[in-house]
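Number of protein chains: 2
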Amino acid sequence: MSSLTRYLPVLQWSRTYDGTVLASDLLAAVIVTIMLIPQSLAYAMLAGLPPEVGLYASILPLVAYAIFGTSRTLAVGPVAVVSLMTASAIGEVAAQSSVGYLAAAALLALLSGAMLVLMGVFRLGFLANFLSHPVISGFITASGILIAAGQIRHIVGVQGSGDTLPEIAHGLAGQSNAPNLVALAIGAGVLAFLVFARTHLKRLLRIVGLPARVADMTAKAAPILSVAVTIFIAQAFDLGAEGLALVGAIPQGLPALGLPAFSLDLVGTLALPAFLISVVGFVESVSVGQTLAARRRQRIEPDQELIGLGVANIASGMSSGYPVTGGFARSVVNFDAGAQTPAAGVFTAIGIAVAALFLTPLLASLPQATLAATIIVAVLSLVDLGAIRRVFAYSKSDFAAMAATIIVTLGWGVELGIVAGVLLSLLLHLYRTSRPHMAIVGQVPGTEHYRNIDRHDVITCPEILSVRVDESLYFANSRFLEDRIAAQVAERPALSHVVLMCSAVNAIDASALESLEEINHRLGEAGIGFHLSEVKGPVMDRLRNTQFLQHLHGRVFLSQHEAVCALRTES
Amino acid sequence: MSSLTRYLPVLQWSRTYDGTVLASDLLAAVIVTIMLIPQSLAYAMLAGLPPEVGLYASILPLVAYAIFGTSRTLAVGPVAVVSLMTASAIGEVAAQSSVGYLAAAALLALLSGAMLVLMGVFRLGFLANFLSHPVISGFITASGILIAAGQIRHIVGVQGSGDTLPEIAHGLAGQSNAPNLVALAIGAGVLAFLVFARTHLKRLLRIVGLPARVADMTAKAAPILSVAVTIFIAQAFDLGAEGLALVGAIPQGLPALGLPAFSLDLVGTLALPAFLISVVGFVESVSVGQTLAARRRQRIEPDQELIGLGVANIASGMSSGYPVTGGFARSVVNFDAGAQTPAAGVFTAIGIAVAALFLTPLLASLPQATLAATIIVAVLSLVDLGAIRRVFAYSKSDFAAMAATIIVTLGWGVELGIVAGVLLSLLLHLYRTSRPHMAIVGQVPGTEHYRNIDRHDVITCPEILSVRVDESLYFANSRFLEDRIAAQVAERPALSHVVLMCSAVNAIDASALESLEEINHRLGEAGIGFHLSEVKGPVMDRLRNTQFLQHLHGRVFLSQHEAVCALRTES
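Line order of the protein sequences matches chains A and B.
The working numbering puts the first residue of the first sequence at 521, with every later residue one more than the last.
The working numbering puts the first residue of the second sequence at 521, with every later residue one more than the last.
Next comes chain A alone, as it looks inside the complex:
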């Protein structure tokens, strides 16, 4: 693969493009476009932006991703969690800065895009690995709850705001206005219909006799049907005049191109949120991309994905959009509808552009309650309580990180939530490795295998203490090792050899080397030999560079069995 095709995956798939593939891609594009129109309006609203920004973020970014991305079926655009993070990031900034809310949103996309591209170029995709599965899962669940709670006011038809659950609850509780009954009727109606469409519509359509795929696609088109019907109702009864909140006039036309207005101060303020959005967006996107690629035995390249998503975000920032990423629901629809290549994304972009040019006058009468109901149904599927239960059963420390992520996200907002989760999971991991499991081992009878004397019936020998330390030796646990070996030796007056079985020691850093020297020195003064066994190649290479092996009052054995045989013969 030449480096040009590596950085421009479009050159690869476009070579074999033909009529059959075109037909599949076109069909998928139509279906995704229909799904994306209400979603992009809704998510823009969720981000606190005018609805047209959602459409703008669904045009050029899709074209950019089609050129630079490696997933054949990932559908890029505004998504719920990133929209919520956008709202949180620019909510405070825009109020206190002279640059407007719209420019701040576009700048956020630009910064996030630039960071993603840089991470891709420097192959920093591994950074995303530091978001553990429980932290991501907890974060997405908490974001789903926050988003749904934040939409309640649109359904009830009252004012309100807030980035955290207590703020949202306080905003709703502090309402002096009565609920708007028209909004409530429309919101609750759409909500009920969408839930019904998710759970029963497909089965019902199949009973009526539709083929499985058509039934599935029709059920997925339920949101656009809700939009059409509620627009019609709002216009027919002039509900805007009755106090129903409508989307209102949306400018007709394509987005203006160019850099958003910005100041260096604003760049500084938005840098951290942009970084968090980049990482969360990348993780979400790459998980979706990998899941779909695996189903068709394709591969995606994480480092090139960073570049693809980065360029998509830069395109969004330069066309009056806001941060985008690969969305789960729409990618699955794209995949199921038969999309074969990223060209489907280009056709979707054309579809959205047509909508921005010609359909926006129709959308002016769309009730906000309809969009709110669309959002609630979409995000509640993100809430995964089963995952919380599973993680709790498996590992208390993973659960602690997950619970911290959920609680901090709900109570103090998305940015603190993700940071708290990552830090806590790292600290718990470090804490565990700082107090490693150590086992005294003996020979499993009839084999050359050595296992824990507390768990297996094994053969030991009083003058040889064989200790297996189950962790790499590094600064956080080196002192612990010294203490534990000293304690074990103190209990055994007959001892003449200590063998440290290093099968689980993957590295020995400078601090641990000093500790080993100290242990060697102390054992030597007590007339006890200090031996190592099963030292791995890379660890041994490094020890050979030091004076340690010369000073060692003992030997290094290839295997534990060899060590015990040799030392038993000697003593």
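Please note: incorrect hints may appear among the correct ones.
Remember, identical chains collapse to one label, so a pair may be satisfied in a single copy or spanning two.
[Stated by the list, open to error] Within a straight-line C-alpha distance of at most 25 Å, the following computed SDA-like cross-link-like pairs (lysine to any residue) qualify:
# : residue 1 : residue 2
1 : Lys-916   : Phe-1000
2 : Lys-722   : Ala-739
3 : Lys-916   : Gln-1070
4 : Lys-916   : Arg-975
5 : Lys-916   : Tyr-951
6 : Lys-722   : Ile-554
7 : Lys-916   : Leu-946
Hints listed in this document are in silico derivations from the structure and should not be mistaken for laboratory results.
Got chain A; can you put chain B on it based on the hints?
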């Protein structure tokens, strides 16, 4: 050991106290007192405090440590690095707060003491392990350089200030005043004498015929001799009137007892510096304590040491002092002079109290240049360039953490320096574990031992792929494992079994469990068995709590040899 003796080690050693021990302790106390008087004045000056504060910090804290500490010979009091950190912490605060510099220093000691006691009660001594040896060594070297550079102005006799090397250099370079020649003569003279005393005096005294121990002690008393001689010179020639900076009038008497004035704001500002001082002070003190205890086959209890140091700092804060810890040089002197119990510390405290009551009028004419020279000679022994070379040779990532600590400490100050070092060493450790070493293994002929095919002549079998992963499986490396196994499997069309040898896997967290399920699922779809071998007890216990073992397309074997034998027979 009853819990009372555990928390009050004094109850243990005082039981066997007798005349012989008393005589040893008294002699050691006299020698340490003589050493401590100039040191405590000098370090107080280094912390930007009036000289008497150094004396105050050398009275009650010593008594408190004698009651609560576990080291028999540790000498507690003001030390260079902690004095520098104190100067940095309260330098900004006192200027902008209504509470004075003195009260801020005492409050810092109080906060640091409270934190140490809490850490001791909650057994958080392991936190100190996160300071790796290279980071500590780099930090102490950089602090030594900073301290020495900061004293140059007293030797040259000009004004100046600064907490970082660039600030200090800028302060010295920007001087419009000419150097004070009297200060320069005294400073350079004392400096030369002290260096000579360190390097040659002892040998010279032995040649003259003094016994080794007396020669050693006399050489160590060189600083007090410099003090006496330069006080005499300054008084005899009335050098204060010639523009030589003197210590000036020191209030005669004992420190006032009581809480320092404080505000909650100030507590908030000082909390982080107090924490850093606590950790650095504890690490320094515990290293000295352990080294000395090991020489006499005694033990110190790190968690009780936290309490001992904590109470010492609280005592310092309540007697107009500033943060203290166990000092290396004076502890060694105490040890060499024959101190047997912490009672030597109590006698030293009495000696310093006598000095504060009666000797302060004499100290008024002490030139500041003398103290500066004392400090420079003391701290330059902290600079350990050999350690930098050794760490560089052994491990580039340890060296990176060390270099970052040194550079940030010199360029941006002590607090940022230590934080940068800890964070970088943790990040590099995590980075390493996120890309673990993996080896394909085969049987070492004639044994049941399995090693890396790239390093040993081993026997393999084409239908079985045995992979040893040299790291615990956790979120940061779980995706890496998936990718690597997929890549290995793709290269081997004849493969029917993959055995993951888990001898180095000390834990499997929830993220890694999902990855293993994914690997199992993918291999299963390709018709390849997925087996585990040498799974450790604690890891196996946890896997048994999940569905993973039921879903596994393969088995778990006690040893790698058993796995290969069984699978070879089957295929």
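Structure-based check of each hint:
In this assembly of identical chains, the alpha carbons of Lys-916 and Phe-1000 lie at most 25 Å apart whether taken from the same copy (23 Å) or from different copies (24 Å). With identical chains, the CA atoms of Lys-722 and Ala-739 are at most 25 Å apart within one copy only, with a shortest distance of 6 Å there and 94 Å across copies. Taking the closest pair of Cα atoms, Lys-916 and Gln-1070 come within 25 Å of each other only across two copies (22 Å); inside a single copy the shortest separation is 44 Å, beyond that limit. In this homomeric assembly, Lys-916 and Arg-975 come within 25 Å of each other (Cα to Cα) only inside a single copy, at 23 Å, whereas the closest approach across copies is 39 Å.
Taking the closest pair of Cα atoms, Lys-916 and Tyr-951 come within 25 Å of each other both inside a single copy (13 Å) and across two copies (24 Å). Taking the shortest Cα distances, Lys-722 and Ile-554 sit within 25 Å of each other inside one copy (18 Å), while across copies they are farther apart (91 Å). Taking the shortest alpha-carbon separations for Lys-916 and Leu-946, both the intra-copy value of 14 Å and the inter-copy value of 23 Å come in at or below 25 Å.
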